[in-house]
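Protein sequence lines, in the order shown, are assigned to chains D and E. Using numbering that gives the first Met the number 0, you'd call the opening residue of the first sequence number 0 and step up by one each time. Using numbering that gives the first Met the number 0, you'd call the opening residue of the second sequence number 0 and step up by one each time.
Treat each hint with caution, since some may be false.
[What the hints assert, rightly or not] Simulated crosslink set (DSSO-like; lysine-lysine; CA at most 27 Å straight-line):
no.	chain 1	residue 1	chain 2	residue 2
1	E	K192	D	K78
2	D	K660	E	K166
3	D	K257	D	K196
4	D	K579	E	K166
5	D	K574	E	K365
6	D	K540	E	K341
7	D	K277	E	K356
8	E	K287	D	K289
9	E	K194	E	K166
10	D	K328	D	K403
11	D	K579	E	K316
12	E	K344	D	K579
13	D	K217	E	K274
14	E	K194	D	K78
15	E	K35	D	K510
16	D	K536	E	K365
17	D	K217	D	K171
18	D	K96	E	K243
19	D	K699	E	K166
20	D	K331	D	K394
21	D	K240	D	K256
22	D	K171	E	K274
23	E	K60	E	K73
In short, the hints are calculated from the structure, not lab data.
The chain contents come next:
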Amino acid sequence: MKFYLLVLFSTCCFFAKSQVLPIDSIPKTPTASIVHSIDFNPLEIEGRIQKAILDSFLAAKHILTQPFANLYQSPIQLKNGQANYSGTYDNASFFDKPAYLQFAHLASAWTVGGIPMQIAYKASSWPDAFDGNIRVEYQREGYLNQLKNQLSRKIDPKTLLASIPDPLVALKTNAQRALSNELNQINDQYKNLLGQKITDVGPLHDLFSQNITTVREKFLGQGILQTFSEQQNLFEQLRTKANLGEDIDTTQFNQLKKNILQIEGTKKIIEVIETHKKNWEVSGLLAKMKQWDELKTSQFEQVMRSPSLLSNLVKEQLNLSSLQKLFLKINKLRLGVNSLSSSPLSVQNYLNNGAVAEFMNKGKSAMLFIGKSREGSSILDMPFSNTLFSNSVGKGLQMGKQSKAGSFQFSAMSFAQGFQTIINKGDFEKYKGSLVTSIAKEFVLGSHGQISTEISRSVSQYNNASTGNGETAGLLQLFSLNNLASNTSFRLAYRDELPHLDLTYQMHVKKTALGYDNPGNPFLNSGSREAGLALRKHFMKKTLLFSIRSEIKEFNYSATADQKWRNMYSVIDVKWKLRKGQFFSLRYLPNSMIRISGTQKQKVTFFDQLSADGNFSKKIGSSYYNNYLSLFYQRNHYIVDGANLGSSTLGMITNQTVAIKKLLLYWNTQYNHSANHSQFVYFNSSINSELGTSFGLFKKISATTSLSYNTIQQWYQQIGVRQTISLRLDEGFDLNMFIDARKNLKLYQPLLFGLIRGEVSARYILK
Amino acid sequence: MATKLLIKIYIALLVTISFQAKAHINVQFAPARDGKTLQSLSLAQLVNSSQSVLQVRMTIKINETSVREVAAIKTPGFLLQPGSNYIDRRAFANASFSFSQNYFGNAIRQTGNFPEGEYEYCFEIEVVESKDPGILPFYEQCFTYSVQPLTPLLLINPVEGDETCNKRPNFIWQPPLPLSPDARFRLVLAEIKDKQDPIEAITFNTPLINQSQIVINTLAFPVNIPELKEGVRYAWQVTVYSDKTILRKSEVWEFTIKCREEKKKEDNDSYREVKEVLDGQVYYAYGKLRFFFNNPYNTGKLNYNVYSLSDRQESIKRMPQLQMVNGYNQFEIDLSEIGEFKNGKDYLLKVWLADNKLLQLRFVFKEM
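My request is simple: use the sequences and hints to build the entire structure.
What follows is the structure, encoded as structure tokens:
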């Protein structure tokens with residue numbers, strides 16, 4: 000017996016290695032202390048589940064040889080498609096007269112040889128101009144999900160989870176054994192009359208999950224008790240008769256006696272089961288069993304979601320073609336128009352028309368791109384026909400390595416730079432080349448800290464320069480120490496988080512040399528240096544947020560270091576979150592630009608604003624009221640025509656909304672009161688107020704109608720009407736229309752926008 | 000002395016000849032617009048007033064007053080049609096570029112941008128072939144300009160990454176300096192689609208706002224444009240231009256309209272039973288406590304209390320008053336609103352029914 004207990008106990012404590020109890024301490028029935036001494040180790044369970052999954056696949060490899068059904072019948076399949084169209088009629092744009100601007104966008108998802116791809120075409124046009132571009136993109140996420148789904152279907156969670164060793168098995172067996180012993184004792188007491196009843200109880204382990212009421216109902220239901228009561232009465236009558244010496248049916252008497260004894264015994268059995276069940280509950284055994292089941296299931300789900308396990312499985316278990324295997328290593332693949340962002344001193348916000356591919360394998364990555372820059376390719380830039388865009392043809396290679404300690408990235412890029420105006424768009428003449436190399440490194444510090452550094456150098460060569468020429472000369476320059484400071488840029492950033500204080504902060508410095516030229520990032524400011532810090536802290540269980548962001552930037556385009564511009568910009572926010580999206584916030588935002596010439600400093604422009612915002616909502620019966628209110632005070636000092644102009648403005652924005660069932664009423668007002676001493680009309684006081692309602696019509700139409708009034712002192716006074724209509728003809732087709740029409744009551748100076756503006760948009764889902 | 004005299008005679012002769020010659024080549028160049036970068040020098044126009052096509056070579060010499068020579072661009076030969084001509088782009092691209100080894104020369108060679116300085120731009124045109132006898136073999140025209148490079152156009156508000164409830168926000172930016180009087184701004188705002196980069200959104204998406212001719216550094220949300228939508232990300236960018244030339248573009252910033260708090264993921268098995276016997280299970284109440292029980296008695300005020308198990312087992316005072324009904328009862332209490340619950344601590348809920356029967360539930364409070 001002792002040996003048996005030892006075996007049981009060693010199994011029971013498989014997952015509770017820290018707890019070693021003396022064998023004698025295993026009670027026949029579970030106690031709270033022993034139940035609580037068993038701890039589950041989620042990580043270990045996860046490991047076992049992983050192993051079980053892998054084992055189950057090893058055992059059934061043959062079933063997964065054909066991951067893509069119907070692949071050979073239809074190698075190219077259209078999964079879904081959508082067409083969007085939008086048009087705007089407006090004259091706020093560059094043209095003096097109204098213009099109609101149109102955009103069309105066709106998007107479709109395909110699988111090509113089992114690999115999901117997205118193909119999109121975008122076209123835009125307005126007077127005398129058209130732009131169209133196409134993009135093909137590999138959908139990695141979709142590809143992996145598709146493979147994962149294939150695998151998941153082959154796993155039966157029930158069988159798999161049953162194969163995981165149960166740490167409670169000893170306790171359960173012991174508990175069953177104790178119950179079984181007691182039941183047998185009762186049977187003995189009742190002269191083995193209860194054998195069949197005990198068999199009818201069924202497997203004892205089912206009792207862990209069975210409700211005692213059900214068991215009682217089964218053995219001692221209303222009918223049985225009724226019969227019992229009748230039999231008891233009959234038995235009493237017969238006994239009285241026998242006692243009085245009357246003749247009775249002995250067989251009937253004995254049978255009744257046996258029956259009564261049997262039911263009494265059954266009552267005992269149920270009582271015992273009830274006592275045991277209560278004990279299982281009180282000791283916490285039942286709860287522990289439930290906890291085990293839940294943990295097992297949740298760990299299983301977690302394992303099934305982990306990308307590493309399934310990627311491994313996909314590679315090992317699915318019979319993929321070499322192309323399909325290759326796509327597992329491709330992280331990004333795009334052809335056509337795309338934007339690239341990697342790091343500020345390599346490529347960022349780089350619009351490119353060409354190809355980008357990124358390969359990843361075991362923490363290492365390689366990215367290649369080639370294509371023509373799309374700077375100035377937006378149709379919205381076409382009216383600026385005298386602009387000279389420095390378009391380029393770029394080629395680049397980026398190699399990276401990522402580990403838990405951080406990451407490293409090396410980039411080498413070359414750009415052939417041309418120059419073009421809108422008129423000769425597409426006509427490329429290279430006059431200059433730029434070679435850019437960057438090294439970026441990130442270090443992980445502690446659990447949340449991170450330092451990121453980057454250094455980059457650029458050199459330029461001309462087609463026909465009189466001094467040095469060609470790529471070799473360029474490469475030599477790249478590694479030479481000449482003019483190192485004049486064409487090298489760097490940045491350093493540090494960020495950290497202190498979760499126990501609900502605090503995150505970061506700081507950075509960046510220097511972009513005047514001679515640094517990287518067409519890979521169109522928004523780099525050559526000749527600048529900057530430093531910034533940002534901090535966010537939550538208080539009061541995240542209901543109160545304080546944040547500050549401050550930046551100082553200097554621009555020096557002069558041969559002397561003391562001729563420069565300095566910009567200082569800060570945002571200080573305090574936000575108090577209340578229930579149900581309500582909040583109150585304060586923001587202070589100062590910004591200034593200073594000209595520094597030697598010892599002289601002159602504040603050329605400045606803007607500062609103090610604002611308070613609040614959103615309050617209230618539910619009154621079935622109606623809902625919301626009020627957004629913003630109050631601000633701002634000072635804006637600016638230069639127009641060489642003259643310093645300034646204004647101070649006190650402003651208010653309020654949006655009031657009442658929703659009564661499906662009807663929505665709103666009233667939005669913006670009011671600016673300006674102390675404008677410059678008499679410059681753009682700074683004058685203004686009011687814009689709109690009163691409207693949104694409602695539904697015939698289920699498929701929703702509409703908004705509003706009336707508005709707006710005025711700017713000494714400029715204009717207008718009333719207007721606005722209408723939107725949204726039509727949902729069926730699941731796959733939407734149509735939206737918007738029109739805004741105004742009438743001038745007074746007009747002192749020309750408007751910046753037209754009196755009529757309209758929008759139309761439609762969406763059609765092809766499949 | 001004799002040399003000086005000879006030069007004077009030579010100049011006098013040249014002047015006389017040029018007065019006699021009716022045709023000439025004139026350079027039209029706007030240094031304020033096109034004199035700030037190397038490539039924009041190519042926008043200078045050459046007016047050939049003769050009636051014939053000329054073959055010319057051009058040299059642009061750039062000098063700066065403090066260092067003299069800065070750079071020179073010598074083009075190969077190209078044709079000038081009668082009338083106004085741009086400099087031949089191929090000739091300009093294939094020109095020989097030479098730069099002086101000084102601050103200005105180095106900076107211009109690297110980026111093509113002219114640093115701050117007093118520049119002289121001399122366009123020398125050598126006529127290689129001409130059928131018009133009135134054309135001189137050589138023309139030179141110089142321009143001067145004090146270059147003050149523009150600072151970047153910086154956005155101010157809405158702040159990058161902002162979440163705002165204002166559906167008609169005002170836009171504010173820092174203009175580039177020094178700014179010419181005819182400079183105007185254009186603001187574009189576009190919706191960012193799912194998985195799209197802001198730069199793509201601003202370049203290729205339908206603009207919601209595309210407002211040009213802005214004179215100052217702010218734009219109130221245009222009155223004739225529908226308000227922005229809840230939960231949508233928007234990208235905005237400002238461009239400064241002069242006539243038909245873009246001078247600078249700002250970065251692209253994004254912000255999101257967010258008035259409502261997103262509903263966070265709630266506990267899966269939402270409601271727990273309050274029982275006579277405490278089971279050993281751990282119930283995590285994520286922000287809210289949800290429980291149910293069966294009341295065999297009459298409707299009335301729910302008699303309940305919550306005790307902290309970690310502190311001195313004190314009861315929580317600010318629990319709301321609740322009403323229970325006969326039969327099945329289900330309650331939800333927002334614990335985060337009460338403010339007395341501590342993250343990760345144990346609590347005990349006790350409910351007394353009419354016959355003083357006690358129901359209990361143990362839970363751990365977790366902040367959302």
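Handout entry: 27 Å limit on alpha-carbon distance, applied to hinted pair K331(D) and K394(D)
Key = holds, 16 Å
Exercise for the section: Please work out if K574(D) and K365(E) have their alpha carbons no farther apart than 27 Å. Expected result: Answer holds: K574(D) to K365(E) is near 23 Å, not above 27 Å.
Problem - K660(D) paired with K166(E) [C-alpha distance capped at 27 Å] - result: Status holds; Cα separation ~23 Å.
Handout entry: Hint consistency between K540(D) and K341(E) [alpha-carbon to alpha-carbon, up to 27 Å]
Key = holds, 9 Å
Practice task
Would you check the hint for K35(E) and K510(D), treating anything up to 27 Å between C-alpha atoms as holding?
Solution key: Status holds; Cα separation ~22 Å.
Handout entry: Agreement of K257(D) and K196(D) with the hint, judged by alpha carbon distance not exceeding 27 Å
Key = holds, 14 Å
Problem - K579(D) paired with K316(E) [C-alpha distance capped at 27 Å] - result: holds, 23 Å
Practice task
With a cut-off of 27 Å on the C-alpha distance, tell me whether K217(D) and K171(D) pass.
Solution key: holds, 23 Å
Exercise for the section: Measure nothing beyond the straight line between the CA atoms of K217(D) and K274(E); if it is 27 Å or shorter, mark the hint as holding. Expected result: holds, 25 Å
Practice task
Would you mind confirming whether the straight-line C-alpha gap from K277(D) to K356(E) stays at or under 27 Å?
Solution key: holds, 18 Å
Exercise for the section: Starting from K699(D), check that the Cα of K166(E) is at most 27 Å away, please. Expected result: Answer holds: K699(D) to K166(E) is near 26 Å, not above 27 Å.
Handout entry: 27 Å limit on alpha-carbon distance, applied to hinted pair K536(D) and K365(E)
Key = Roughly 20 Å between the alpha carbons, so the hint for K536(D) and K365(E) holds.
Of the numbered hints given earlier, the model fails none.
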